[in-house]
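Just so you know, the sequences run in chain order A and B. Counting in the working numbering, the first sequence runs from 1 upward without gaps. Counting in the working numbering, the second sequence runs from 1001 upward without gaps.
Calculated from the structure, these hints are not laboratory results. Careful: at least some of the hints might be erroneous.
As the list claims (entries may be wrong) - Here are the simulated DSS-like pairs of lysine-lysine, each with C-alpha atoms no more than 25 angstroms apart in a straight line:
#1 A:Lys457 - B:Lys1183
#2 B:Lys1284 - A:Lys504
#3 A:Lys393 - B:Lys1049
#4 B:Lys1165 - A:Lys504
#5 B:Lys1049 - B:Lys1259
#6 B:Lys1242 - B:Lys1284
#7 A:Lys393 - B:Lys1183
#8 A:Lys504 - B:Lys1049
#9 A:Lys102 - A:Lys80
#10 A:Lys118 - A:Lys295
#11 B:Lys1094 - A:Lys393
#12 B:Lys1189 - A:Lys457
#13 B:Lys1109 - B:Lys1179
#14 A:Lys351 - B:Lys1042
#15 A:Lys351 - B:Lys1189
#16 A:Lys457 - B:Lys1179
#17 A:Lys102 - A:Lys351
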Amino acid sequence: MHTPQNLKMALLVISFLTGLSLLYKVIPVSKNLDDFYAEEMYLVTYRYYFKNNNGNTTIKTYLPKNNSRQRISAEETGAKKGIQFERVAQDGNLMGVWTANKPNLFQNVDYQFMYEGKAKQFHIPQNFKSTLEATHPYLNETEHIQAFHPKISQKARELVLGTKGDLESIQRLFNFVHSIPSAPIISFTDALTTLEQNRASCNGKSRLLVALARNLGYPARIKGGILLEHTRKRTSHAWVEILVNDQWVPFDALNGHFAYLPSNFLELYAGDEFLLVHTAGVQLDYTYEIKELDKIPFLSMNSEQFSSISPFSLWGLVEQKVLPKKGLNLLLLLPIGGLLVAFLRNVVGLKTFGVFLPVLIAMALLETGFAQGILIFLGLIMFVGLAAHPFNKMGLLQTPKMVISLTLMVMVMAVGSYLGIKTEIVWLTSLTIFPTIILTISAERFTTLIQEDGFQKASGTLLQTLMAVSICYYVIANEWLPTVLILFPEILIWVIMLSIVLGKYIGLRWTEVLRFNPLLTPKSV
Amino acid sequence: MLGRFFNIGPNSEVVGLNDRNLNLIYPNNPRKHYALADDKVKSKEILHKNHIACAETYAVINRVSEIKRTWNSCKQYDSLAIKPANGCGGNGIKILRKELHDTWISGSKMISDQQVVQHIMSIISGVYSMGSTDSCLIEECIVPHPFFGEIYGTGVPDFRIITLKHKPVLAMLRMPTSKSDGKANLHQKGVGIGIDINKGTLTQVFDGRRYLDHHPDNPQPITGKPIPYWNELIEISKATAKAFPLDYLGIDLVIDKTKGPQVMEVNVRPGLGIQLVNKMGLRKAIALAEEQQSKYVPIRKLSQYKESPILKPIGEQLVG
């Protein structure tokens, strides 16, 4: 069983060439490594069209700044002949001001930048440091934020009745404002009106939340920006920030984000302001054109820039929508997971249900979440075991019996999804077709194994399968892994090479070292 | 390369599953012939054809329509065993004994004609063979030799002899215990007893964790106890190994009270626990067997038991 020499040579040469090709790509890429780890990337363009009637026309808007969760690059100001551009710092915000001088002319300004962002969750302690003096600017009443109107005061007191700490108070205020029905219209609504008509869009809700917070002595302010999505839009968005121990913490009472900002929230300004201001009497139209880009999470380059370094990668498949990115990810992870299972079986000596079932289960867990997935898995196994019991007693043939288990399982999942929607428990609804099938097959395999090997041994195999699943999950849940495989598909050749090495491994499995221990320690023989 | 890195130093003579599959099973047992060993009906055909002693086949049932007629013709025997041809782990095997007035007993319970027919039906429809249809084997019931009773009286004990290229390399005796529910399998709480393959004597008892010098249910030491018909057992296993186109086999044998050594079944993937039972790695056993081969001249010892063996002729392999 010796591999012929020339075949061995061929394999070595292929490995070597693959290595070279990898190296050729890795060197330029390594210079672009990035520790920002943005989750999403957008190309944003503010487009303004206006007719300059009588000369001096000014358009002002807020410009984005870098912070811990957003990064702005590749900015183009849109300044050109006849249009001046100026940056102005104002109350901690940054404004862009365009001025056009020529009268009676249709003109346009395109301001463009690249946004990279990540989600951020803030931690809030039970109680805050007692804040600042009462003259804090973020504790004042304003025209639209009637923080000390009797109705607001009454509502605020009513809401925090019996709370045990600042966190709980904030949570109550937030829940109340979140529960106000949202109005589809983007009309201007102040805090009091929002409370009175019990209906508002983002700006009304935000003003009410700020008013309630200020009323109770928590410094709060409006935050403005744009929700980025792959589209053209004209709407901006407003949310709230409350000062918690010298840190501004975001709350979006419209979308229900408590102390959390998703990765597609472009932050533009703080304060109860309008995003766009222009000279009166100017005919103006505008749109925000937003294009989602394929982000390579650990590189400070996007897919186009990468393609210019090396044309050989699988980005083409993603960009031309040949395969959905998610599908491609799973496809590429399959060999890696398979290799891992091969290692766990042949070197470690774990016994698992089926050969590649652990990888597939781990993939199903990617959709359901790890802990919930394992719970669902164990729950289903118990369910199939119990539900199939009476049918086993009827002495039915294998295949029709499996159909019964499968049907029962689908029924449970349908009920589960329904309950999930009713009770808003998201993970109950996460059982789409793929996890359902995988978990059903595994549960079925386990029931069969109990019949063949008895409960104790089958449970042992189940436990080992779960170990293998956990290890697979731990590896394939790394978000950078599929991206690495898309950039460097040569790695799949190495998977084959490693499998050849593994396929020739004749050493004892680690579990066998334990089993044959009496024979391996010389003194006991 | 990687293999050497992981290997366990001087004791690499122990064979693990990887080594067994890669170096013993794959090169010696062509997959297309697995069925000859896995299917009891097929392996018995080969045994009968080569005149190797094994339980007499009373009937083979392949079709539901044959059940009633065949079962009636089998009622002439006093005892018989009903087995699925492709069963595993001893599932689906029923041993029947005739009582007075032509009633049948299975275990300790009465079993009606109707129940027997139903059992055969479920064997044929594949209940014990993972979904595919199967055939049902009805054969002579073997009565264990008193030798086994001297160690432990109940259940079905058997010998396991591993052969490589027709040479026996390791052997053990598997015995049920009071905890093993009549089964002799090491996984099911049976015990394995090591065998000195050259002397034909028992060495030590292994219960899965400890080594003992006696069966767990019988305080009498067994170390050095001679096995009756040992040379015949060795010769039968050699003949069996030659009869099959499979060069690495685990052959299960039993000694019948009156008919002597009999082949029970043949395995293409024999387990590795036998190394523990014998305190010897398979590699070392193979090396020893090759060494012995040059010196070994089988001599038929006069059995210490008075009954003379009624051996079926096994051809030129039987020496002495």
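So, going through the hints one by one against the coordinates:
Distance hint between Lys457 of chain A and Lys1183 of chain B is fulfilled; the C-alpha atoms sit about 16 angstroms from each other, no more than 25 angstroms. Under the criterion of a C-alpha separation no larger than 25 angstroms, the hint pairing Lys1284 of chain B with Lys504 of chain A is consistent with the structure, at around 21 angstroms. A distance of roughly 41 angstroms separates the Cα atoms of Lys393 of chain A and Lys1049 of chain B; the hinted pair therefore is violated under the 25 angstroms criterion. Our distance criterion of 25 angstroms between C-alpha atoms is met by Lys1165 of chain B and Lys504 of chain A, whose separation comes to about 23 angstroms.
With a C-alpha separation of about 18 angstroms, the suggested pairing of Lys1049 of chain B with Lys1259 of chain B holds against the 25 angstroms cut-off. A C-alpha spacing of about 23 angstroms is found between Lys1242 of chain B and Lys1284 of chain B, which places the hinted pair at or below 25 angstroms, so the restraint holds. Of the supplied pair hints, the one linking Lys393 of chain A and Lys1183 of chain B holds, its CA atoms being roughly 24 angstroms apart against a limit of 25 angstroms. Among the hinted pairs, Lys504 of chain A with Lys1049 of chain B is inconsistent with the structure: their alpha-carbon atoms are about 39 angstroms apart, more than 25 angstroms.
At roughly 13 angstroms between alpha-carbon atoms, Lys102 of chain A and Lys80 of chain A fall within 25 angstroms of each other, so this suggested pair holds. Restraint check: the Cα-Cα separation between Lys118 of chain A and Lys295 of chain A comes to about 12 angstroms, which is no more than 25 angstroms; the hinted pair holds. Of the supplied pair hints, the one linking Lys1094 of chain B and Lys393 of chain A holds, its CA atoms being roughly 19 angstroms apart against a limit of 25 angstroms. For the hint linking Lys1189 of chain B to Lys457 of chain A, the alpha-carbon distance of about 13 angstroms falls within 25 angstroms, and the restraint holds.
Of the supplied pair hints, the one linking Lys1109 of chain B and Lys1179 of chain B holds, its CA atoms being roughly 21 angstroms apart against a limit of 25 angstroms. Taken as a hint, the Lys351 of chain A and Lys1042 of chain B pair is broken in the structure, with Cα atoms around 31 angstroms apart against an allowance of 25 angstroms. Using a Cα cut-off of 25 angstroms, the hinted pair Lys351 of chain A and Lys1189 of chain B holds, with the two alpha carbons roughly 20 angstroms apart. Simply put, Lys457 of chain A and Lys1179 of chain B have alpha-carbon atoms about 16 angstroms apart, close enough for the 25 angstroms limit, and the pair holds.
As the CA atoms of Lys102 of chain A and Lys351 of chain A are separated by approximately 79 angstroms, the hinted pair breaks the 25 angstroms bound.
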